[in-house]
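Student: Protein chains in written order, with our numbering: chain A, 1 to 340; chain B, 341 to 1187; chain C, 1188 to 1420.
Just so you know, not all the hints are guaranteed correct.
If you want the ones that stay clear, here's a sample from chain A, every Cβ over 12 Å from chain C, calculated [unchecked claim]:
| id | residue |
| --- | --- |
| 1 | N72 |
| 2 | E74 |
| 3 | L184 |
| 4 | E243 |
| 5 | Y306 |
| 6 | R332 |
Derived DSSO-like pairs (lysine-lysine); straight-line CA-CA distance at most 30 Å [what the hints assert, rightly or not]:
| id | chain 1 | residue 1 | chain 2 | residue 2 |
| --- | --- | --- | --- | --- |
| 7 | C | K1236 | B | K550 |
| 8 | C | K1236 | C | K1358 |
| 9 | B | K427 | C | K1392 |
| 10 | B | K976 | B | K582 |
| 11 | C | K1236 | B | K1084 |
No lab work stands behind these hints, which were simulated from the structure alone.
If you're wondering where the values come from, they're calculated on a predicted model, not measured in any experiment.
Even for Gly, the Cβ is constructed at its ideal location relative to N, Cα and C.
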Amino acid sequence: MNTYTSNPLFLVIAAAGLLFGGYFAIEELFIRPSFVTNDALVWTLPLVTYVFLALASTGVSIVMAHAELTGNEEVNAHKPALLVAALSLLIGAFAALASEMGSPLNMFWLLLSPNISSPIWWMGTLYAIELVLLGVKLFGLLGDKDKGYGQSLTIMTLVVAIAAALVLGSVFGTVGGREGFSGLDASLLTLLCALVSGVCLVPLLLNDKVQSSMLQSGRILIGALALMLVVQYIYLVGGAPGELNWVSLWMPALLICALLIYQSYPAFSALVAMPTLLIIELSFVIQGQLIVLGPKQTWLGVFQSYMPNVAEVGILVFGCSVAYLCFFVLCRTLNHRIES
Amino acid sequence: MNAKANFNLSRRQVLIGSGSLALAALFAPNAIVSAMAKAGLVYVPNSGKWVGTTCNGCTSFCAKQVYIQDGRALNIRGNEFSKVHGKASCPRQYLALQELYDPDRVRTPMLRTNPEKGRGIDPEFKPISWKEAISLIADKIMELREKEETHRYVSLRGRYSYLSDLLIKNFTTVVGSPNAISHSALCAEADKLGSYFTEGNWGYRQYDIKDTRYILSFGVDPLSANRQVSYYCSEWGNTLDKAQVAIVDPRFSASCAKADEWVPIMPGQDGAMSLALAHQILVNGGWYRPFVGDFIDGNNRFIEGQEVDPTSFEEIHTHGLVQWWNLALKDYTPDWAAAKCGIDAEQIRRIAGKLIDAAPRVQIWRSRGSQMQHRGAYAAIGMHALNGLLGSIDQEGGVLKWASVPMAKMPSAKKYLDEIAKKGLKHEKIDRRGRLEFPALKKGKSGGGVVTNAVATSILEADPYLPAFVLGYHNNFSFSAPGGLRWEKALKKVEFVAHITTNISEFSWYSDLILPAPHYMFERWGIQKTAGNRYTQVSITQPVIKPLGDVVEDECGVPWLIAEELAKRGFENPLNYIRSEFKDPETGKAPTSPQEVAKYATKILTQPFWDPAKYKEGDHIGGWEEFVEKGVWNSKPYAFRKRWGHMKTATKKFEFYSETMKVALEKHAKKHHTDTDGVMEATGYAARGELAFMAHYEEPLRYGDLETYPLLFVDHKSRLSREGRSANSMWFQQNLDIDPGARKHADVAKLNPIDAKQLGVSEGDSIRITSTQGSIDCQAALFEGVRPGTVAKAFGQGHWAYGRVAARDFGKEALGGNNNEILPPAYEHLSGSSAFYGQIGIRVEKI
Amino acid sequence: MRYGMVIDQQKCVGCSGCVFACKAENHTTDDINWCDKIITTSGQYPDVKFEYVSTMCNHCDNAPCVGACPTQAMHKGEGGLTLHDPDKCIGCKACMVNCPYGVISFNWEKPHERWLVDTGVAAGSFTSATMLMAAGGEGSPHSNPESAEAYPSVRSRGTVEKCNFCVHRLKAGLSPACVDACPSRARVVGDLDDPASEVSQLIRKYEGKPLRAELGTGAKVFYIRSYTPERRT
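Excised from the complex, chain A in its bound form (with noise of 0.2 Å):
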């Protein structure tokens, strides 16, 4: 199908990568906590290796989704491959959710005692969804069945994607008692952190320069992610009560470098993007969580400070590894299944 999918080196880097963070997702799921998670500090690098690979299938999904509708064919002719890419996101982000949330099997409460108050349930519900979607998607694709329902479905996944990536935000933004998280602007950044995930990851997939079509919307995209944390340093700069100034101006500078080569050099500008985008998204959840709240002051102190160490790295990389297989294995067997 494309390069990506049958560049060896990858495939190695990959797989040695899925042994690496398989051994402390296995550490941290069945021996002993391994991660520099405390009381106070509670969602640190897995989990945002989550929210990175979610918000990314999400944006993969958005982009396939928005081409499908809009009848954009120069992205439409490699559906196939974005519609596997979001799947393998998101199998790669439930993949380092699990070594987080300490037992896959306790997933299995979010069904049977709901709580439709609780923006993680939708967040999970959403997501949930959204791979059946992708799942169904997948299977009319190789079932070559992508007639009837195929306009539906898109309305679908794209509902549910832009759904997700809003929910997701809200999880951080409906906590009322951190400064740092409660607010709109967390649901704002997850979508546009979202679209821009898609914007430059969707050029690699069509082995392409970026298409006319993308080339504006993406430089919106990316623009108004940087506008935005632009606006967001200037807000906290100025010394908002309760608030850390997580932004730093290098992020938004980035993702304008991103923005001006995102045309001529696409794979260099997601090599810039996505990196950034991952700190950025780090940064805010981290920054929520490091005033102390309450008792725990006395056992961690009133503010935390934060460094990922070797363990929560290696879930970073077991989730993408995670991805890249998937993506490979997929595309194999969607390959095969294609030609024969």
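For this one, chain A is given, so just place chains B and C on it according to the hints.
Tutor: Just chains B and C now, kept in the frame of chain A:
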């Protein structure tokens, strides 16, 4: 045994194990649960039993009730039958639960197999039976008897109950040794001296905080330490509605947080402040006339710097006010004191004014820190004299004596002394008490008290002689005595050291034989006394659970076992003594086991409280069973003003000029063919002549010169430290931060940020504190609540043994550093007290 | 019926007896205190202020933790208590992030694991395992079968836990352990819906306020009076 016990002890585990029942319970909880409740299979809250006992975690000695459920001690509260504190308690009580179930506890007797003794050198203890252990002890004693050297047997007493008189005092006497050495001089003898030489009370006081209007505390942190923490915790908030509180302390304590005023005095200068207050009270005419009396013509002649004609003043219940003024007080102005105390003269005047306004409903408290100093005796007397001046002695809202209680005496062993024993008893005691430099004037008697910490020096110098057999009981002097390392060296020199202990402590580490002690709150008999809320109570400790491990009643049972073995070797007096004198007072039955000796001894000593036939006063208790059930007896409320004019002093009055002291010092001087000036010189005091008989200023002796040791060390108590024994508890370590300025699971020295900045020390840094005595390493905590120029650090951490939580590396490396390794082995010689406080120069370096 | 608590800060002497009583009652691990405290040290020498605020779950009427919990593990129970069902807990920690009071704890490790250690400090000493066997108890000798009727004595790794107002004791007509343990009688528990209850009266008399009242969580632990005396000098 274990399997069975397990079955009994964990019905719930069994229940959960049977999955079907658990499942059934899940789906039909109500019916099943109620059925299980009927069958005794569910645990209804409060369905266990509260059993009376006594906490020995500090000198508050609160009567307790332990909650027993399933054979385990699960909770503790103040004893509801106590009129002192009722159900109120303090946080330390809970740590007893972790002491009880401490995984590092000694399980069985152990014998050293590695002859080499030293820190970091494994003694290689091997378990032995009680029979072997006791045989070994009996052999050692017989050896000494054969050589007629029984005085070389030394028993050392740490935390104890009244029953310990059997093991420590009387057994030691029958064996023929004068060396029953208590820890008391590490405790607070200088405090007792203060009230003895003013009002004839060698003892502690209680404070009527319900009716007081002003509390001035010299260093006492009543919410954390000192006597009756439970009672003061229970009433403090109400007291604040009616009274003001000022606390004098170089360190901001937990009580300072609940006081109106913190007076961060220069260490060692409490005496100066108390003298200036006395001066100002007199100048202002603020003394309490119904107690002290007045000038005959009513005109105040106390004018700064001017002598007063003694005949112009007529005292009522006090003695020697004018002499005190003329010889000492007249020059001790607030301005004079300000320079020494580092406290504004204005603040001193203001506090004097407050005291005058509130008198006689005032109380001057004094702590170990303000008086257990090298020259602390006269500070103790001076601080207490303020209570006399303000007329608060035995008054509503004032300072009260403990009511005396009609406890029976431990049966005497005198009848059972043979010739060898009598000869042994004639030797000088190992603690040098009564020597010219150690008057140890307990109750005014030369050599009447104990000089606990001198024992190590005596051993090291083999003067008066070298002990051959040291038995330590619930003590850890190598940890708890200033200059602790001396004890480690001294114990190495002793041929045979046995230790009765719950944990392998820094003392046990140098022992040859370890005997497992029952926990002193849950697993044995004992008796304690405390006072507060105008009542004095006597409470018992009793075995409330089945003892863990192979333990034997320590205070009464161990001497019984040794006596049995000695009898087998032909020395029957100890056994005869115990068998004949410790019969059950109800049945007359002689004891036949260690447990019975302990129980009968408890019954004998407490008989006046529970035997209606011997009733004297206080609570009416119907019999032994009821007493055991309740666990506590209360006196009648303390009677106000009864002692006015009848104090146990030479003049029967409250003495500002202490005729009592004069008699005591002159007797001691005469014994040593000198005069009182000679005694003053030998004991390190600067006073000469009549000043020795009254409160006066003594310049504190600074240990270490200002240049090498620029800072002053302030040792204090932690709220959670059970006299150094709770450090192996995680509950202790993880909640240490309730002490102002302290940190969790750390041994911190608190530095003022001003000093820290100068030293380049930041929060959490590892630091080394060095004094003339030694060095310790610990962690720096920056705290605004320490007087700049001083460093405050709580006692209790710095264990290198005791257990794996207490030590960083058991037997090798300490968690932090023990204060007593840098405190010099100084004394307040008149009382024999160790001087933990005063001006201990230190330097602090970042490491 | 709405259970609430009043803590009289003037009476409180900061002894932490409540903390230990809770540990003994509810078998929390060494690193978890259901009943805990906020300690504030402020001011500069010599005007130093030290304040102790006893904290625990506030059993908020509009509990953010309950709203955030995806599985109803955190839920509102009888008497307005905020309760936790560990069987439903998936360890997502949303409750911890949402609790404005920092009173929910997570079992990062398997609780009471140190009691499995079978080595001792000397040949004649106990070990953790032998002590547990000799003493009895589930997980540790401090386990309490009474509270275990309401909440597992040994929690599962990967679940949260918090104060449940000693619901097992309330049901039996007793006060929470921390209330009974307070030496200063600074804590009172009772029905906030009943204007005649002691808690309601105290709140009215002293204008009691919960922590972070501005958040509108409907927290039901109220604080009255001041820890620090007025400094009447």
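Student: Far enough from chain C: is every CB of that chain over 12 Å from the CB of E74/A?
Tutor: With a cut-off of 12 Å, E74/A remains clear of chain C, as the shortest Cβ separation is near 40 Å.
Student: Taking 30 Å as the top limit, are the C-alpha atoms of K976/B and K582/B close enough?
Tutor: Holds. K976/B to K582/B sits at ~26 Å (cutoff 30 Å).
Student: When you look at the beta carbon of L184/A, is every beta carbon of chain C farther off than 12 Å?
Tutor: Holds: least Cβ distance 17 Å, greater than 12 Å.
Student: R332/A clear of chain C by more than 12 Å, beta carbon to beta carbon?
Tutor: 34 Å, holds
Student: Taking only the CA atoms, is the gap from K1236/C to K1084/B under or equal to 30 Å?
Tutor: It holds: about 20 Å lies between the C-alpha atoms, which stays within 30 Å.
Student: Is the straight-line distance between the alpha-carbon of K427/B and that of K1392/C 30 Å or less?
Tutor: Since the Cα atoms of K427/B and K1392/C sit roughly 27 Å apart, the hinted pair holds (cutoff 30 Å).
Student: The output says E243/A does not contact chain C. Does that hold with a beta carbon cutoff of 12 Å?
Tutor: Per Cβ check, E243/A is outside 12 Å of chain C; nearest 15 Å; holds.
Student: Would you mind confirming whether the straight-line C-alpha gap from K1236/C to K550/B stays at or under 30 Å?
Tutor: 25 Å, holds
Student: Examine each Cβ of chain C, and state whether all of them lie more than 12 Å from the Cβ of N72/A.
Tutor: About 36 Å separates N72/A from the closest Cβ of chain C, which puts it past 12 Å; holds.
Student: Are the Cα atoms of K1236/C and K1358/C separated by 30 Å or less?
Tutor: Violated, at about 39 Å.
Student: Y306/A clear of chain C by more than 12 Å, beta carbon to beta carbon?
Tutor: 15 Å, holds
In the structure shown, a violation is registered for the earlier hint numbered 8 alone.
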